[in-house]
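K.L.:
Work the whole structure out from these sequences, hints included.
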Amino acid sequence: MRKNLNVIAAYSIMMALIILVGIFQSWNIALSIFNLCLISAVMTMGANIQWGYAGLINFGIMGYTALGGLAAVLISVDPVQEAWSAGGFDILMSLWLIIAMVLIIRFILKRFNKSKMRTYSIAVIIISGILLIRFSAEPGIEAIEAVNPAKTGFLGGFGLPIIFSWVVGAFFAGGLAFIVGKVALGLRADYLAIATLLISEIVIAIIKHEDWLTRGVKNVIGLKRPAPYEVDLQSTDWFINLVEKFNSGKLELISNLSDRQAALNQIVIEGSSVFVKLCYSGLFLTVVIILLILTQKALYSPWGRMMRAIRDNEEAANAMGKNVVKQHLLIFILGSAIVGIAGAMLVTQDGLFTPGSYRPMRYTFLIWVMVIVGGSGNNFGAILGGFAVWFLWIEAAPIALFLINFFTAGMSETHAFKIHLIESVPYFRFLMMGLGLLVIMRYRPKGILPEKIEIK
Amino acid sequence: MDFLNALILLLNYIFIPALTYGSQLALGAIFVTLIYGILRFANFATGDMMSFGTMVTILFTWYFQSLGISLGVLPTALLAIPFGIFFMILYMLGIDKFVFKYYRTNKSPPVQLAMVSIGVMFVTQAVVRIIIGPSDQRFFDGEKFIIKAREFKEMTGFNEGLALKSTQVITVLVTIILVSLLFWFLNKTKTGKSMKAYSDNEDLALLSGIDPKKIVMITWIIAGILATIGGALYGLDKSFKPFTYFNNMLPIFAAAIVGGIGNPFGAFLGGYVIAFSEIFLTYAYKKFFIYILPESMEPESLVQLLSTDYKFAVSFSILVIVLLYRPSGIFKGKVL
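In the order they appear, the protein sequences are chains A and B. The first sequence: position 78 = 78 (this note's numbering), numbered continuously. The second sequence: position 22 = 22 (this note's numbering), numbered continuously.
Careful, some of the hints might be misleading.
To be verified - Sample of chain B residues at the chain A side, in silico, Cβ under 10 Å: (1) Phe44; (2) Gln112; (3) Ile257; (4) Ser296.
Stated by the list, open to error - The list that follows gives simulated cross-link-like pairs (lysine-lysine, BS3-like), each with its CA atoms no further than 25 Å apart: (5) A:Lys297 to A:Lys326; (6) B:Lys165 to B:Lys153; (7) B:Lys153 to B:Lys287; (8) B:Lys311 to A:Lys218; (9) A:Lys446 to B:Lys286; (10) B:Lys190 to A:Lys446; (11) A:Lys151 to A:Lys116; (12) A:Lys208 to B:Lys214; (13) A:Lys208 to B:Lys107; (14) A:Lys208 to B:Lys241; (15) B:Lys107 to A:Lys452; (16) A:Lys446 to B:Lys238; (17) A:Lys116 to A:Lys182; (18) B:Lys107 to B:Lys214; (19) A:Lys110 to A:Lys182; (20) A:Lys418 to B:Lys241; (21) B:Lys214 to B:Lys196; (22) B:Lys196 to B:Lys97; (23) B:Lys214 to B:Lys188; (24) B:Lys153 to B:Lys286.
Source of the hints: derived by calculation from the structure; they are not laboratory data. Beta carbons are placed, not taken as given, at the ideal position from N, Cα and C, and that holds for glycine.
P.N.:
This is the structure:
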């Protein structure tokens, strides 16, 4: 108990802050902050597995998040039959071509020894394969995108419940991580950072511009929900009764019957959106707890000890017979898969998929700030980092506004400088993030909750 | 005649824009490479530092314009660039003193310095947005074109026009002058040589009496000059928007690594490699083939290898390929 005191204290402060937001702003805002905190926590857990356990730097978090989101679309949207009949055949043909290409390259790699000839022939196969696929897929893509472009214009998905996409998102992201890991994991740390960052940009470019698959920048809206809809709740009896019971004290104060009914309606409308958010919170919290248990178990297992040994001294671990390359690839895939889950969760919560919104600032660098601030190598620290940084990210604007008003109290309301500052309030969040990261890295380089290694 | 028309078409739409864009990337890439070679970390604040220098230049340009000072046909910004450089260097030295110095003296691993540079990136981004705002700013004045497309057609009688913007000429000229000065400095002067020595082998350089503080300061000064001029030229040619500058960091990194990180000459060429391949692969060659092929063979499609949406993806793919086959870059050689 004693040694976990700082963990308990940090989490109580965090929860108290969110509850304060609920009391002073609204429960709706508090819950939406809480939900995004949970999603951020899943992302930081993924990044923490890679960075904290194994010392692998992955600046491609944005790409895995987007792939998770794509999984949500492909799983939950109903298939567009017309589009399938218009261009499905061409797309499947291209898919076979890609598989054939990969098999041929694998065959060449296995069969022939490394030589210039081999490299060139692989390059020729890749280039001609890409040209071939472009020509064979072109008519299909055009036909698909022409099918009712204002509403669909893409192949659609499988029409399954969206919750399955959380698993599929993990597989998508893990698959990408397998390819990226095969390609880039041999690089030195800072090269790896740059390479993963650029690869994730390529992934985003593809998602943004392959309209037949993702609708691209036209966005996919109105995804199915795992939680009830507000409108349905507002007309359901048990929900109205529940709200009435909760607020009976408040309602009895109003003596006029019609006034009381109006007040009840208002509360039901507010209550319904709080209830929906609570449903999401429950789902997300389950995911976070399951992942936390698994990652904690992994951290203290022989496997976790091996990962730390590899992180702290690669050569020594190699000399002890540990397969460093294989373990690095494995942990790269695991961490990315967790980020993929978070990506699918994010799209599930928003109910829409907007490829244009995936930007490295928000989905890569901010997550890294969370991991570093929270404490790399410590799962509780990473989750706390996700909570604290996301809370600050949202509440930075009100805090900045308060500070500006406080420090410029002597100035008149129309002073140009004051107006300029108040207009630029949204950008103070970058300042707070940056200063926060710099201060933590300088004075507490292991994060708020540093890694604990128990030697028994 | 058709052949010449086709050549002019390529010159107008591929060669001149790529040369300009490449020069802008090259200045940024040399900046990245210098920091990497001497301070030994990947500076993720590159794009935002460039936008800071450009912002100061813009503010001074506006000030001069309000005073009625101008350079006639040349943009006023050229007059403001020295002031931009001055403030940029002050900002960089300040950051170095308060942030990077601590990690340097502690001999922290490069990854930690790269993380710290992310903090600097956030702060710089905030500063720029708070001062000048996130929206597009244009600060170009003076004569816009040296040759207008229509005038060129009338003058020569070709079907294809050739437009030459003054910013393009300024960019290329300034880059040539700046880069030759830089290479002269690095190869011929004593300070430049000591910088090379320091980048080659730090301990040996310290033993031979090279003052590390001086080397670091001069590196930041050169970096400030490159960042401000590179950023201001990009802003003059296109427009200034903080978000674009942040995004430009990615092709700049690609250029620096393709050229072999730590090698300024490689970075210089890397900028052009990236710029030319981006534009070559995403240009629609339909018109070009119409000129050079007989009528019966004229293409119907756009003859475009990749759609322009994938412009950035091209440079990143080149980088990934280079990293796989030659991690030390195309132009590997001795560092600095």
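K.L.:
Given the proposed pairing of lysine 311 of chain B with lysine 218 of chain A, does the C-alpha separation stay at or below 25 Å?
P.N.:
holds, 20 Å
K.L.:
Next pair to validate is lysine 446 of chain A with lysine 286 of chain B; report whether the Cα-Cα distance is within 25 Å.
P.N.:
Violated, at about 57 Å.
K.L.:
Does lysine 153 of chain B sit within 25 Å of lysine 165 of chain B, going by the straight-line distance between their CA atoms?
P.N.:
holds, 16 Å
K.L.:
Lysine 214 of chain B and lysine 196 of chain B were given as a pair; does the straight-line alpha-carbon distance stay at or below 25 Å?
P.N.:
It holds: about 13 Å lies between the C-alpha atoms, which stays within 25 Å.
K.L.:
Hint check: lysine 153 of chain B vs lysine 287 of chain B, CA-CA at most 25 Å. Holds or violated?
P.N.:
Holds, at roughly 17 Å.
K.L.:
Given serine 296 of chain B as an interface hint, is the shortest Cβ-Cβ distance to chain A below 10 Å?
P.N.:
violated, 21 Å
K.L.:
Should the interface hint for phenylalanine 44 of chain B be scored as holding, given a Cβ-Cβ cut-off of 10 Å against chain A?
P.N.:
OK, holds: phenylalanine 44 of chain B within 10 Å of chain A, min 8 Å.
K.L.:
Does the structure keep lysine 208 of chain A and lysine 107 of chain B at a Cα separation of 25 Å or less?
P.N.:
violated, 42 Å
K.L.:
Does the alpha-carbon distance linking lysine 214 of chain B and lysine 188 of chain B stay inside the 25 Å limit?
P.N.:
holds, 18 Å
K.L.:
Would the hint linking lysine 151 of chain A and lysine 116 of chain A be met if the CA-CA limit is 25 Å?
P.N.:
Violated, at about 50 Å.
K.L.:
Going straight from one Cα to the other, do lysine 418 of chain A and lysine 241 of chain B come out at no more than 25 Å?
P.N.:
holds, 23 Å
K.L.:
Lysine 446 of chain A and lysine 238 of chain B were given as a pair; does the straight-line alpha-carbon distance stay at or below 25 Å?
P.N.:
violated, 43 Å
Going through the hint list in order, the structure does not satisfy hints 4, 9, 10, 11, 12, 13, 16.
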